[in-house]
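K.L.:
Spelled out from the first residue to the last, the chains are:
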Amino acid sequence: MPQISISLPSHLTTQHRRIVLKYFEKTQRLSPQEWKAALQAFDMLKKGTIEIGRRRMSFQQFYDRYVDYQYADGFIAQLIDLEDFERGAETLQQKTAFDMLAMLEREGFYNENLTSCEYLAAYCLYWWTSFAKGYRFEISIFRDLKASDIKFVAHDLRKRAERRSPYDLVVLRQVGDIKNTTYFLHSAHALPLNRDFYITRLYHSQRRRYLTVVFMTKAAWQKLNGEVESASLETAASFFPQPVQIVFEGQDFVIVPFDLWKENIKQRQQ
Amino acid sequence: MNKSRFDKAFASFIRRGEEKITPKTFFQVMAEIEQERVQKTIELQAKIIEGKLRFETSPEIYVYDNTIVLGNQRIVVRMS
Numbered sequence: 001m002p003q004i005s006i007s008l009p010s011h012l013t014t015q016h017r018r019i020v021l022k023y024f025e026k027t028q029r030l031s032p033q034e035w036k037a038a039l040q041a042f043d044m045l046k047k048g049t050i051e052i053g054r055r056r057m058s059f060q061q062f063y064d065r066y067v068d069y070q071y072a073d074g075f076i077a078q079l080i081d082l083e084d085f086e087r088g089a090e091t092l093q094q095k096t097a098f099d100m101l102a103m104l105e106r107e108g109f110y111n112e113n114l115t116s117c118e119y120l121a122a123y124c125l126y127w128w129t130s131f132a133k134g135y136r137f138e139i140s141i142f143r144d145l146k147a148s149d150i151k152f153v154a155h156d157l158r159k160r161a162e163r164r165s166p167y168d169l170v171v172l173r174q175v176g177d178i179k180n181t182t183y184f185l186h187s188a189h190a191l192p193l194n195r196d197f198y199i200t201r202l203y204h205s206q207r208r209r210y211l212t213v214v215f216m217t218k219a220a221w222q223k224l225n226g227e228v229e230s231a232s233l234e235t236a237a238s239f240f241p242q243p244v245q246i247v248f249e250g251q252d253f254v255i256v257p258f259d260l261w262k263e264n265i266k267q268r269q270q
Numbered sequence: 001m002n003k004s005r006f007d008k009a010f011a012s013f014i015r016r017g018e019e020k021i022t023p024k025t026f027f028q029v030m031a032e033i034e035q036e037r038v039q040k041t042i043e044l045q046a047k048i049i050e051g052k053l054r055f056e057t058s059p060e061i062y063v064y065d066n067t068i069v070l071g072n073q074r075i076v077v078r079m080s
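Residue numbers (this note's numbering), protein chains in the order written: chain A, 1 to 270; chain B, 1 to 80.
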């Protein structure tokens, strides 16, 4: 077996490492500051490196080769073919995550004697979970849009190249992405929010269930003749689930319930 | 490394499923992200002189005519 060694990015602090562990142990106890630090940490970790014999690669390259290429296509195909989507998807996601961790152990990438390998495993699990939850959510949204008779054009999830297209769907000439909540926040942290709309979801504590929402530019909402009240980021949560307008990094965005967005889309499409 | 602690955390994370991010947490994290990115705000004054935009000099950043020099970048603001 080739010799394996791992190096973490030098700017990954002890605090980041502590928060990576807390993210997996007690996600719901993360403070907003810790959430931000966790998003930072998982972003930094992509520049960690692993040397396998003479071959050196970043964590990101390792993930593509050993996780994405091995598991992604099969996972998506099984997900799309599920008869009982809600129940089956959760089971499939859990099974694949455990299989992926077992593969890391079996191949010698995650074991007691390999320094810092827990962060490689953490990186892989974080991104695999983002991927799996993201596509579960995306498939459920596509099914909902079809059932609601919304006309849209979407990328073909079964094709790797199309999964990496710059956006997920087009509705009324507006381009949008469908993102699981954590991945939406990761995108807001790492990239400019430059789509017309993002479909994501937030957990409604009182109703004890997720509510799907559309986070969109004010211009995109105005094209749908939508009305909205303004709030700051500090007060916006109190409006939920009513439509609310916020300013994020100098740009106006509107967050509206998915059902209301669909109603306005349908009116425009009729 | 405490592998058994990570093993336990990973297993719990996988079985737990969802993060249950509430609107309050969502907007607070957005505010944190915004605060981190905007380290400092610099206000510039400008006038229209003979139809052209002209920045007033600033003690905080180098500007001339319709141009802002920021690090190794030159930002030229044109009126449409």
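Read the hints as simulated data drawn from the structure, not as lab findings. Be aware that a few hints might be false.
Calculated lysine to aspartate or glutamate pairs in the EDC-like style (CA-CA distance at most 20 Å, straight line) [as the list claims (entries may be wrong)]:
1. B/Lys8 with A/Glu234
2. A/Lys223 with A/Glu263
3. B/Lys3 with A/Glu105
4. B/Lys8 with A/Asp99
5. A/Lys22 with B/Glu56
6. B/Lys24 with A/Glu107
7. B/Lys8 with A/Glu263
8. A/Lys22 with B/Asp7
9. A/Lys223 with A/Glu234
10. A/Lys22 with B/Glu19
11. B/Lys3 with A/Glu25
12. A/Lys26 with B/Glu60
13. B/Lys20 with A/Glu25
14. A/Lys26 with B/Glu19
15. B/Lys20 with A/Glu90
16. B/Lys20 with A/Glu34
17. B/Lys24 with A/Glu234
18. A/Lys218 with B/Glu34
19. A/Lys95 with B/Glu43
20. B/Lys24 with A/Glu90
21. B/Lys20 with A/Glu86
22. A/Lys218 with A/Asp252
23. B/Lys24 with A/Glu249
24. A/Lys26 with B/Glu34
25. B/Lys8 with A/Glu25
26. B/Lys24 with A/Asp99
27. B/Lys3 with A/Glu112
28. B/Lys3 with A/Asp99
29. A/Lys95 with B/Glu19
30. A/Lys95 with B/Glu36
31. B/Lys3 with A/Glu107
K.L.:
Confirm or reject each hint.
P.N.:
Hints, one by one, checked against the model:
no., hint, verdict
1, B/Lys8 with A/Glu234, "violated (35 Å)"
2, A/Lys223 with A/Glu263, "holds (13 Å)"
3, B/Lys3 with A/Glu105, "holds (11 Å)"
4, B/Lys8 with A/Asp99, "holds (15 Å)"
5, A/Lys22 with B/Glu56, "violated (49 Å)"
6, B/Lys24 with A/Glu107, "violated (42 Å)"
7, B/Lys8 with A/Glu263, "violated (45 Å)"
8, A/Lys22 with B/Asp7, "holds (13 Å)"
9, A/Lys223 with A/Glu234, "violated (27 Å)"
10, A/Lys22 with B/Glu19, "holds (13 Å)"
11, B/Lys3 with A/Glu25, "holds (13 Å)"
12, A/Lys26 with B/Glu60, "violated (44 Å)"
13, B/Lys20 with A/Glu25, "holds (14 Å)"
14, A/Lys26 with B/Glu19, "holds (10 Å)"
15, B/Lys20 with A/Glu90, "holds (15 Å)"
16, B/Lys20 with A/Glu34, "holds (16 Å)"
17, B/Lys24 with A/Glu234, "holds (8 Å)"
18, A/Lys218 with B/Glu34, "holds (18 Å)"
19, A/Lys95 with B/Glu43, "violated (54 Å)"
20, B/Lys24 with A/Glu90, "violated (26 Å)"
21, B/Lys20 with A/Glu86, "holds (17 Å)"
22, A/Lys218 with A/Asp252, "holds (6 Å)"
23, B/Lys24 with A/Glu249, "holds (18 Å)"
24, A/Lys26 with B/Glu34, "violated (24 Å)"
25, B/Lys8 with A/Glu25, "holds (8 Å)"
26, B/Lys24 with A/Asp99, "violated (34 Å)"
27, B/Lys3 with A/Glu112, "holds (6 Å)"
28, B/Lys3 with A/Asp99, "holds (17 Å)"
29, A/Lys95 with B/Glu19, "holds (18 Å)"
30, A/Lys95 with B/Glu36, "violated (37 Å)"
31, B/Lys3 with A/Glu107, "holds (16 Å)"
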